[in-house]
Structures are given as C-alpha cells and as structure tokens.
Amino acid sequence: MAGRVDALYFLLLGVSIFFALLIAGLIVYYAIKYRRRTADEIGARIHGGMALEVTWSVVPLLITMVFFVWGASVYFAMARPPEDTLNIYVVAKQWMWKFQHLDGQREINELHVPVGRNVKLIATSEDVIHDFFVPAFRTKVDVIPGRYVSAWFHATKPGRYQIFCAEYCGTRHSGMTGQVVVMEPTEYQTWLSGGAPEGSLASAGEKLFQDLACITCHRGDAQGRGPVLQGLFGKIVELQGGGTVFADEAYIRESILMPGAKITAGFQPIMPAFQGLISEEQLLQLIEYVKSLQAQPQNTNK
Amino acid sequence: MADHAGAHPAAEHPAALAHQFDDLEQQKEASTLGMWVFLVTEVLFFGGMFVTYAVYRNAYPGAFAAGSRELDVMLGGINTAVLITSSLTMALAVHAAQTGNRRALVWLLVATMALGGVFLGIKSVEYYHKLVEHHIPGPGFRFAEAEYLKHAQIFFSLYFMMTGLHALHMIIGIGLMLFMLRWAWNGTITTEYYAPIEISGLYWHFVDIVWIFLFPLLYLIGRHV
Amino acid sequence: MTPTVLLPLRHYLNDGYGVKSWLLTRDHKRIALLYLAAVTFFFFVGGAFAVVIRLELATPAGDLVSDETYNKLFTMHGVMMVFFFLIPVIPSVLGNFLVPIMIGAKDLAFPKLNLFSWYIYMLGGLFTLYALVAGGVDTGWTFYAPFSTVSSTTNVIPTALGIFITGFSSILTGLNFIVTIHRMRAPGLTWFRLPLFIWSTYATSLINVLGTPVIAITVLLVAAERLFHFGFFDPTVGGDPVLFQHLFWFYSHPAVYIMVLPAMGVISELVAAGCRKPVFGYHFVAFASLAIAVLGFLVWGHHMFVAGESVYAAMIFSILSFLVAIPSAVKVFNWTATMYKGAVSWETPMLYAYGFIGLFTIGGLTGLFLATIAVDVHVTDTYFVIAHFHYIMVGGTIMGYLGGLHFWWPKISGRLYNEALAKVSAFIIFIGFNLTFFPQFVLGYLGMPRRYHAYPPDFQVLNVLSSAGASILGVGYLIPMVYLMWSLRYGPLAGANPWGAAGLEWTTTSPPPTENFAETPVVDSEPYQYPARVEEYFG
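Residue numbers (this note's numbering), protein chains in the order written: chain A, 1 to 302; chain B, 1 to 225; chain C, 1 to 539.
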C-alpha cells in the first residue's frame, strides 16, 4: 500500500516540477527577451487566443482526472480492509495510545504486530479528537470520541516504526507518540504468550456481562425481556417504528450507552443506559464477547 | 465641485440625496440591493443552524418529537399569528409612505412595533416555562421520557439558540422601527423619499419568514405520533 | 523631458486635519488608510508569534517555551494572520481605496457603513487582543470540537466573539462592494470594460457575503456550548464533533479564496501595466474569478478526508477539488502569455508579480497532491499542508499585496519610494520565503506532524533551514515599512501617472481629490488600452 501511495506521489511530483519549471522558465525568458528598453515602449496589442485557452484548460483537466482516478482507486483499497484481518482495538486519550489485543494483551504507546499480516485497528477516543499516524505505513486516521473508526495496514519488514498523534489534542499533543513493533511470526507468538493476566477480551467481556446483570434480560432464549444476542453480530436488525440497522461494533456500543436511540422491533424501551458508567475498555470487552456468541441451533420442541 | 451648488437648483438636490449618488433613484436602487444582499447573509447565518437541526433531527427523531411535544403549540401558534399580522401592518405602512399618508404611516409603524413587543412578551413567557420545567440544557436538565434524556438536550439547545437569535433579530427590528417612526414623525419620509421604510419592511418580513420556518420545525413535529 | 511635478492643491489627505477628521471620515480613501494601519499592526503581532515558533523549532527539544505556551503561539499566529490580516488586507486596503476610483465613482455606495465596518474590525481585534493578554488561546485557529468546547481551559469565548464581530466587517465590506459595482459604474463602463481587479473584488465579495455568516454561526455555537453547556458537538449527549468540522470548513475553505482572489486581481493589474498590453484572455480571467468563487464553496470536505467522511463523499470532494484548480491554472497561463511580446518592466511591482506567479504555481500544484485522496491520507496534518498554504498565503497573497501596495503607493501618497531599496527587499523576501517553506514540503512527506512543539531529531536539519529562512523573511518585511514611511515625507513627488499605466485611477491626480475626479469620467473603450505614445500619460 505504501508503495502505491509513493508511486502516485512521485508522479505528482514529476508533473509538478515540470509545470513549475515551465512557468518559471517562461517568465524568466519573457522578462529578459521582452524587457522594456525605453521609457515609452508599449507591448503588442494581443487580446487572446481561443485555441490556447481551450488547450490549457482541457490538458490540465485531463491530467487532474488521471490523478483523481488513480488516487481514488488507491484510496478505495485503503478504505476497505480485507476480510482476514488481525483486529486490534485502540483507545486514544490525552496523551497516550492504549492498545488492546483480542486475547487480552494490553499495551501503552507500543503496538506489537506480526510481519506479513493484515492488521485492522478499531479505534475510539476517550476525550477529544486524536489521529493515529504511522508515516512509514502511509496510514492515518482521525480517532473520534463517541464512535469507532478503522484503518488497516500490512507491514512487510520487521522493525520499529514511529507513531505520531496527528490531530491537535491539547498540551502534550507532540508528546503523544509511540512505536509499532513489527516482529517475525515466531517472535510475535512468543511475545503473545508472554501472557495476558485477565485472559482474552471476550472472556473479560463475558465476566462483565454477568457482573453488570446483562444476562438477566439478554438470555440465550426468546423468553428474555431483551433481544437474543447469539448470532446478532453482523446481521441486520429490524427496529421499532420501521427501519433497520446493521449490527456492527458501533451499534453494540450505542445500544449499551444509549439504548433508547434504536429499539429492536417487538421490545420495550426498558434497558438502562450505561453512558458514564462504563469505560471504553469495558465496552471493547463486551463487544468482543457479543461477537463471540454463536447462533444457537434451533430447537423445534419448546 | 466647489461651485456646483449654484449651478444645480434645490429640486435636483433634495436634502435626502447622499453625495456619492447621482440621483434619488440610484440611491434607492442601491439601498434596496444592499438590503437584499444583507438578507442573503442572514439566510446563510440561520442556515447554519437549520443544517445542524436537520442533521440531529435525522439522527434522533424520537427525542426531537418528544422535545417538540414539550413546547406550547398554542402560544407558538398565537405568536405566529401575531407576526403575520405585524407583516401586514408593515406592508400597509410601506403603502402609506408611498402615498404620503403620514398619519397612517405613524400608526401602522406603532402597530408593527407593538405586535413585535407582544411576540417578545409571549416568548419570554415560554422561556420562563422552560426554566421552571428544567428544560434548559446543562447539568440541571430533566426530562420525563428517560431514554431521551441526552438527545433531548440537543433539541432544546437548538430551540434556545434558534429562537433566541430570532428574538434578537426581532429586537433589532423594533429598534429599526423606532428610527423609522422618528423619520415618519418629523417629515423626513416623503413621497419621493420612502426607501428607508421599504427596506426596513424587507428586514421585518424576513424576520417573520424565519419564524414561519422555525414554528413547524420546532413545535409541530411529532404531534401525532 | 518630463514636466515639473507638482502636488495638487487640494487632495484627500489635506482635506481636513485632526484626529476627528480621520476617525469620523466617510472618505473611502481615508478609511483604506485606517485599515492599512490596523492590518499592519495585526500582521506584525502575528509575525512576532511566528518568529518565536521558528526559534523554538530550530531545536528538536521543546526547550524555548512550554507546551502550553507553544500551543497558544501557533493558535494566535493563525487567528491573527487569517482573520485579521489575510482576509481583510487586500479588499479593505487596496479595494476600499481603488474600487470607487476604478469605476469612476465618487465613493462607495454606503460610506458610513464603510466606516462602521472599520470600527467593527477594530472591536473584534480588541476582543482577540484581550484574549491574548488574558492568557491566550490554545485550540488552534481551527477550534476543533470537542477540544475547544469541552477540554481547553483557555480564552476560547473572547476569541470566538472577536472573530464573530470582525466577520461582520468582512460581510459589510463585501456588501458595499457588490452594491457599488452593480449600481455606481461610470457612464460607458459596462461589465466587460471593468479592470480585472474589480472582477476579482466582486468575486471575493460574493464569497464574503455568502460564506462569512456560516463561520459566524459556527463560532457562536462553540461559544454557546462552552458558556451554556449546549450539546451541539458533545459526544456524551449524542452530539457530533465532525459536524463542527463541516460547518467550520464550509466557510474556511472559501475563506482561502477570499484571501487569494484579490491578490490575483492585483496581479492582473500589475502584469497589464508592467507589460503595457491587455491581459491575455481577459474574458477567461474574469470568468475564472467567478468560477473559483462558486467551485470554492463545493470542496470543503477535502479538509476531512481522514476525519470520518464516507468514501463516496471523499471521492466527490476530491474530484471537485481538482476542478477548482483549473480556473487558477488558466489565470497563471494567461498572465504568462501576457508577457509574450510585452514591454516588460523590471520595476518592483512587476518583481512581486513574477514572484506571485511562480510561488502561487508551486502552491497550487501542491494542492493537487492534497486533492489526491490517497496521498492526502499520508500528508494531511503534516508540514506538507503548512508549506502548501503558506506558499499560497505568503508567496501568493502577501506578495500580491506588497506588489499592489508598491504599485499604487504613488497614487495613495503622491510620492515615490526608493526603487533600489524596494528591489532589494523584494529579493530578500523571495529568498527568505523559499528557504522557510520549501523544506517544509519534505518535512511533511517524511512525516513531521503539524502543531508539534518538539520533534524527533531526524527532522532537525530541515527545521533549521526553515528557521533560518524565517529570520531572513522577517528582515525582508521590515525594510519596506522603513522606506515607505520615509517616502511620505522625503520621497520625490509622483505625478498623476508615474508608471505610464492605463486605468481610470491614473487619470486623476496623485493623491486624488476627496471626490476622486474633477468631472465624472466617461468610458468608451476596453481596459488596458495603450496609446502609441505613452508619453502623454506621464505627469
């Protein structure tokens, strides 16, 4: 991906240098060749030329359209993560980066990833807008409070790569830096098994699910006062009052924080709101837990 | 330039003609165009808030309908009628100015201002109700339908912002009318020079039209849900 | 042999003395000078902040000032420069002075409103200066929520109010220009006989009138959210911080065209006069100004490619951003073509014009990098963007302004400045500017983010080059202050038309009388017509 961005960048650079030199050159050339020699000299009475006007409107237009199409196609690939990604959650806060691996590993300001794999980051902010920027990967995404954004990259060489925060976020904005540590697969495995004291995100989420009494209404069967969550993730949900929504991370998050926003069809708006009562990390754990809930096989006799 | 006063009789240089214009007609056209341009800027100004309203109404329809139900439709409706009537008196005032009817002009301007005052009075009553019912956004906000507690704050923030700025424009309008009243009273307004009344009228009608949009958007949604 | 030059007996500068005659003037020319004093003041305040910023950035560690102070410095630099210098400068100084004269009118349509606009500008400036001395603001000139609404502990509200108030100055000036250009042109002056500076000013005024109200309501919403805890952009009550960005950039993108269009208008005049021939493709240049104004309203999303815009919105904004580059390119080609077979002058105003064309071209081309979404993802929020907009704002607008100031200085003051010193300063400014900002393109590509107080040591060499350039640039800006002021008293008298240029402003005395013309001119030809014998223009 970085290679594709660079190729485009250098084409732009080449075209820019060409036109800049052309204009600068023409100006210097005309300024010298046609310089005013006497105080009362006047210029030739030329008003314009349609052919030239059309040419220098159409040619730049064509050139810019080439940039647009090429740039848009590379961007399309950047904006659509591939299917088989290693997902890592990112929580930005003034002035640090918190990373959560699915199996429970937590890191601050350092992100360990294996080389040669597609890594997708799902990020949110606890306070103001930050921006996750890794120049070496040509990856950048604004990290916004109140929602999830994602970006993906594919590291091709082991090493340490700079992370910057690239959206001004207050006093220690320039100190909010870190490193992506790209490791060979075997080393990465070793690092992973270095242990996550609380277990995976999903298992921590399961514990929260019980501690926060979600299980009282969201039972595994259709008798509960809340919708069944098994197999929910990734499906289309029908809402009270018509309309549908796609059950992704953002939907789960909103349903926990502000359940009144989208009521599932056929249910009452009785779920309590957890806004202010639950941290971003706990939200990630719950989301991973819900994701892990497989659809139950249908029982024909009930 | 120094001796042109002798060359041009007073009839061609009415007192009301400003020095940068050639004649009263150019002056009137310029003033009118100026007021229209100003009103366009006002459209963009209120437009920013209407866009914000549209975005959040689309995101939180339930909360907005619930918030709307908390507003007093009767008072809002009366205010709408009051403003439309004031536009009528304003239009009649412009006509009175054009036909040189000084008495009518003065009374119609007074009526317009009075109606504007009634509007502001009723608005104050509504604001007071909102204060008492804890519908002012911020830490003291309370809302009966608990699931809309957060999003209804956005509705009320927009309510206060939009009606507040509208009320401010009304106050400025009444101030403008005071000036017009003074000019009507002391004879500055004549059948040749009535442009100020006309362009003040334009401003007044504009403020009225903003309310015509505000009223349904804020008061009337979700009435029959 | 040139005849002896005399000052006219009565002109706008000696038509009434004393502070009251200036502070209560209705004369557009005096108001232009009131603005000149004010914008120059704000320019040097903003410039002082830039000096400290570049001093800090000469070393990688944040050792000159604290984080908080640095954040306030770049914020105030941006606020002062954008709202109090770049947006008003050419319309309020050169526009106010020249628009009535160039169209043969005695004054603008609404002289009292014009004076009122200056007072509003000063009031807004006062609020912002208050915020400065009360401890500053640290949100960045872009005031992104929720940092500006919830997190920042600095003087956001006075600054927001200062910008709100000053915005009305822009709106009213734009309104004044639109009405004046529509209704007060001299007999025979049809639209396509207008000088291109008027076309640019007209296009700029359209943007001023349509765009500024949106920033007005946006800063008001920010102030209201801070003051009353309204929840427009606060995610904890369901508000959307990205909505702020849409509202903000809806104005702030057209704002950059407010900054550059008038400079382009100046360049058209300078190139025509400097080559003594009509601008090549007059109609195309005129329509290009309008096209830039219209298209400029449709591209704001290109500031938000990584901010959470949908992929399809991003594509639309990208293609429109490429389209808006085309009319600018057309202008550059037309100016260059004007020089062909011209009688090309090397006097100072013309030097600034060449500088503008070259630097604006570079700035505009780097805009293409930013319009290309995939590349923008890498370079947005880095020094690449800073370099891009400084090339346009400083290499473009400021050079255009200085060129125009020098060109019309004899008309404004009745005096000639020292040409040798002026050429030297232009040269110093050009060198200093490029040394300051060209390295920043490289810095940005290498990944140095914006608004960074301290940076990794790898970036130091380029930063040192940039800071060295800044000190040269600063000196370059100070020198004109000196020789221009000096010329007011000791400069040789200029006469009506020292450049031998075509244009209504050169047919009246230098300085002009209060009412601009002894008799209302009648126009019967296209602009930029040079007679066979230019001598008849001199004196």
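These are calculated hints, taken from the structure and not from any lab test. Mixed in with the good hints, there may be bad ones.
To be verified - Sample of chain C residues with no beta-carbon within 12 Å of chain B, all distances over it, derived:
id, residue
1, Glu68
2, Ile171
3, Leu227
4, Phe233
5, Val256
6, Met304
7, Val311
8, Glu419
9, Ala420
What the hints assert, rightly or not - Listed next, the in silico DSS-like pairs over lysine-lysine satisfying Cα-Cα at most 30 Å (straight line):
id, chain 1, residue 1, chain 2, residue 2
10, B, Lys28, C, Lys112
11, C, Lys423, A, Lys33
12, A, Lys120, A, Lys157
Where a beta carbon is used, it is the ideal one built from N, C-alpha and C, also for glycine.
* To do: Any hints from earlier that this structure breaks? Give me their numbers in increasing order, please.
  => As far as the earlier hints go, 2, 3, 4 are violated by this structure, in ascending order.
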